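Using the sequences and the accompanying hints, generate a full structural model.
Same order as they appear, the protein sequences are chains E and B. Once you know that position 70 of the first sequence is 77 in my numbering, the rest is easy, because the numbers rise by one and skip nothing. Once you know that position 216 of the second sequence is 217 in my numbering, the rest is easy, because the numbers rise by one and skip nothing.
A couple of the hints might just be wrong.
Examples of chain E residues lying across from chain B (beta carbon under 7 Å, computed) [as the list claims (entries may be wrong)]:
1) T30
2) S32
3) A36
4) E37
5) I38
6) P63
7) R64
8) E67
9) G70
10) I76
11) P79
12) P276
13) T277
Hint data in this document are derived by calculation from the structure and do not stem from the laboratory. This structure is a prediction, so every number in the text was calculated from the model and none was measured. Backbone N, C-alpha and C define an ideal beta-carbon position, used for all residues, glycine too.
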Amino acid sequence: MVDLSVDIAGLKLKNPIMPASGTFSEELAEIFDLERLGAHVTKTITRGWRDGNPTPRVCEVGGSMLNSIGIPSKGVGAFLEKVVPFYRRYETPLVVSISGNTADEFATLCSEVSVEGVAAIEVNISCPNIEEDGKAFAIRPSSTYDVMRRLRAATDLPLWAKLTPNTGETPEVARAAEEGGADALVVANTILSMAIDIRSRRPKLGNLMGGLSGPSLKPIALRMAYQCARATGIPVIGCGGISTVEDVIEYLIAGATAVQVGTATFIHPTAMIAIIDGLEAWLADEGLAGVRDLIGTVIDGEQDEAVVFMEAAP
Amino acid sequence: MMGVREKIMPVQQEISFKAFEMGLAVKSNDPVNGEYRKLVLDAPAGLLARCRAGQFFHLLCPQSGGETPYLRRPMSIYGFYPQSGELHFLYKVTGAGTRALAALSSGERLNVLGPLGVPFTIADHWQDLVLVARGVGLATLAPLALEAQRLGRRLTAICSARHPDYLMSTGYFADLGADVITLTDAEGTSDPDNLERVIEGLVAAGRADAFYTCGSNRMLRLLQTIGARHGIPGQIALEQQMACGIGMCHCCVRPFNRGDKQVHLRVCREGPVFDMMEAIAW
Chain E
8 MVDLSVDIAG LKLKNPIMPA SGTFSEELAE IFDLERLGAH VTKTITRGWR
58 DGNPTPRVCE VGGSMLNSIG IPSKGVGAFL EKVVPFYRRY ETPLVVSISG
108 NTADEFATLC SEVSVEGVAA IEVNISCPNI EEDGKAFAIR PSSTYDVMRR
158 LRAATDLPLW AKLTPNTGET PEVARAAEEG GADALVVANT ILSMAIDIRS
208 RRPKLGNLMG GLSGPSLKPI ALRMAYQCAR ATGIPVIGCG GISTVEDVIE
258 YLIAGATAVQ VGTATFIHPT AMIAIIDGLE AWLADEGLAG VRDLIGTVID
308 GEQDEAVVFM EAAP
Chain B
2 MMGVREKIMP VQQEISFKAF EMGLAVKSND PVNGEYRKLV LDAPAGLLAR
52 CRAGQFFHLL CPQSGGETPY LRRPMSIYGF YPQSGELHFL YKVTGAGTRA
102 LAALSSGERL NVLGPLGVPF TIADHWQDLV LVARGVGLAT LAPLALEAQR
152 LGRRLTAICS ARHPDYLMST GYFADLGADV ITLTDAEGTS DPDNLERVIE
202 GLVAAGRADA FYTCGSNRML RLLQTIGARH GIPGQIALEQ QMACGIGMCH
252 CCVRPFNRGD KQVHLRVCRE GPVFDMMEAI AW
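Below, the structure is given as C-alpha cells:
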C-alpha cells in the first residue's frame, strides 16, 4: 500500500492533491465525492461584498487561459453562514482563502474566519494593497513581512501565504513570509498577462489585463516552487499549470510537499480524482513507499546560490 | 416524539451527483442547411433521463484540423431521446470550437459534461405557450415544444430567420402539434412592428399565457414591453462566455433587475433560463 499522506506544518492530509482557490466550490460535489481530496480550498473572500470585474472575465490563449474575475464576494457573514457549514459534512480539512485591501482589513477578516471547521487559512497576499499604490503585498519582501506579522497575530490557525509570480524577488519574499509567521507557502498565483483581439483592437478581458493560468504557467510556478523550497524551511504547496500526474510528480521532486490543481478542473472536472489515482499507481510502479519519498529529490548538484535564486534570464 | 425523531435525523442532506463527464460516440454530424449542423451523440439512457429543456452540456471540442480550443464550449440541448439513446445539438460554425466540432466523424468520441443549468419551467396555469426565436435560438427552444406536447399545452412557435432557407425546426414544431408562424427578413415580415402585431394578435385571441425566448436582444425588448403591457410572464435562455460551466469560476455573470436592485447572476448556474422580465437587454 502506497502512503499518499503528507504533513503541512502539522496538518495531516490524506493525499497531496487539493484544489486551487477560485477553481473549486460546493457545486463540484454534484460531480464527484469531495471527500477524496487532500484538502478543500475555498474561493477567496473579502470582508465586504464585492461585485467583481466587468465581462468578459476569461479568454483563452494558446492552450491556457487568462482571467480577471475580480474576487466577487458575498462577504464574511454569508461565508460563515453558508459555506463553512457546507464543508462540515466532510472530514477533509477546510482551507479558507482570504484577501484584504489593507493590512487592517486583512487581519480582521483573518480573525473572523478562525472558526470551528476551518483547518487553515490561505492568505492571498497576491492581491493589490491599496496602501502601496495597488502593488500586491507579495511583490516586495517588506510588505510581505508586515502583512504576515499582522495576520500571524490575528489567528492561531495555520497560515498559508499565497505568493505571486509578479515579483523579481521570489526567494526574498518567501523568506519574508516565513519570518512574518507563515506556516506554509502556496506557490503561486497567476501571472499578469494580456490578450488583444486584433480585429476589434480591444483587450480580450473587460479588465484589460488578467492572470495567466493553465499549462503555460507551469514552468514559471515550478521554478518558483523550487526556489521557495530552497529558500525556506516551511512546506511549499505547488500551484500553477498542473493538469497531469506527471506535473504533480515534477512539483514534488522540485520540493513541493503538496500541490493545488486549478484550471485543469475547468477542462476536466474530475481531473483531481484522476491525478490522485494516477499518483498512487505511479508510486507503486516505481516501488516507492509514499509521496514523502519523492519530495525534494531533485538532483541539482552543487549549484551556486546565485544560479538557484536567479530571477533574470541567464 | 416528532422532536426527538427530528434530532436523530441526519442534519445534512445527501448530495447526489447531477452532472457527468463522459465520452460519447458520434452517431452523425451533418449539415442541416447552409449554416447549421446537427450533431447526434450516442448517450446512455440514464444521462438522457436527467436532461430537461433549456439545459446545456459543456463540450470539450477536439483539438483537430489545426484548431486548438482550450476551454469547453457550452451548448444548449437541441433534443434528448431516452428511447433511441440520442442526444442532439444544433450549431453554427463560428470559431475554433465549433470548427473542431464540425470535423468530428461518426464513431469518434466527444467528451461532454452535463446536463447543466436551470431548465425552462411550464407553470400549471400556463395553457397557451408562445415561443419566439430567431436563427440558432430555435435549437434551445426545440425541446420545450416536446415538453409542451407531453403536458398537453397549446404552443405557438414564432420562428424568425434571415431567409426561408434558414428557417429551422418548423417541421419539428408542426409535428408536435404547434401552430407555426414564420417570419423572414427576405420576405420583409420579421421587423419588430410586424412581430408585435403577430404577438398582439395571439394575446387578443387568448393564446399567450407565457412567452419563451432566447438569443435576440430585439425580441427580448419587445416581449418585455408586451409582457408588461398585459401582465404576461416569460422565460429567456441567455448565453455568456463560460469557463467552468458549473458555477465555480464566476466568469459568466450577467446583470439582472431584481426588485429595485441590479444583481449579477451566473448564466451557468442560476441560468441559463431566467425570468424574462428580470433580464436586461444588452
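Handout entry: Hints violated by the structure (numbers, ascending)
Key = Structure breaks no hint.
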